[in-house]
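Chains as they are written, first to last, in this note's numbering: chain A, 7 to 119; chain B, 956 to 1069.
Note that these hints are calculated values from the structure, not bench results. Just so it is clear, CB atoms sit at the ideal spot from N, CA and C, and this is done for glycine as well. Some hints could be false.
Across the chosen pairs, the derived CB separations fall in these ranges [what the hints assert, rightly or not]: (1) A:Asp73 x B:Pro963: 19 to 25 Å; (2) A:Leu17 x B:Arg1018: 34 to 40 Å; (3) B:Asn1017 x A:Leu116: 37 to 43 Å; (4) B:Asn1017 x A:Gln8: 23 to 29 Å; (5) B:Ala958 x A:Glu21: 29 to 35 Å.
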Amino acid sequence: SQKIEQNSEALNIQEGKTATLTCNYTNYSPAYLQWYRQDPGRGPVFLLLIRENEKEKRKERLKVTFDTTLKQSLFHITASQPADSATYLCALSWNTGFQKLVFGTGTRLLVSP
Amino acid sequence: DTAVSQTPKYLVTQMGNDKSIKCEQNLGHDTMYWYKQDSKKFLKIMFSYNNKELIINETVPNRFSPKSPDKAHLNLHINSLELGDSAVYFCASSPTSGSWETQYFGPGTRLLVL
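With the hints as constraints, model all of the structure from the sequences given.
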């Protein structure tokens, strides 16, 4: 069965630095890979989507890369701020049947002032 | 204006009871979902409805029964609650059921079974 792995340990970085989060998967490459942010006590919020034929996507301080050879996506936050502290989830979907997002376990990011 | 809303926000109940969670979206989306997030924060899909029709039914005990009276509402009824049902339940919606769609999540319902 498909496995999606994200760093289970929290990532601690200093304000202003670039945070890089990893999402690794097994088996079949997804057609779409999404990143969501989840704050404590709240539902996930969509950030970025990247397609299997795209290498990189950017939105403001966020950048996502997708390497189907390595079966990996990297999520970067540049010039990180304490307000970026949250759990970040990657989610995969395939072009088979109906929309079914399979989520990774999430990585908690802590940005210190 | 709340896009996806759920009630109640918290639910504390005894084992063996029956309870319902309600979800409403005002985004005009066709597709709605129920997810369960366990204590390890793993988020897993349970059900999906498209225009009131069940399209995804994961391996969920049949004590869980979803109902969609119209495409803006998706409810979840749980019979004979068990300790292992304690979790946060999220409702979500997307414009269509296409695999490229992003999902909009509600605030979650925290269920504690004692």
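Each hint, compared with the structure:
no.: 1; hint: A:Asp73 x B:Pro963: 19 to 25 Å; verdict: 43 Å, violated
no.: 2; hint: A:Leu17 x B:Arg1018: 34 to 40 Å; verdict: 38 Å, holds
no.: 3; hint: B:Asn1017 x A:Leu116: 37 to 43 Å; verdict: 41 Å, holds
no.: 4; hint: B:Asn1017 x A:Gln8: 23 to 29 Å; verdict: 25 Å, holds
no.: 5; hint: B:Ala958 x A:Glu21: 29 to 35 Å; verdict: 31 Å, holds
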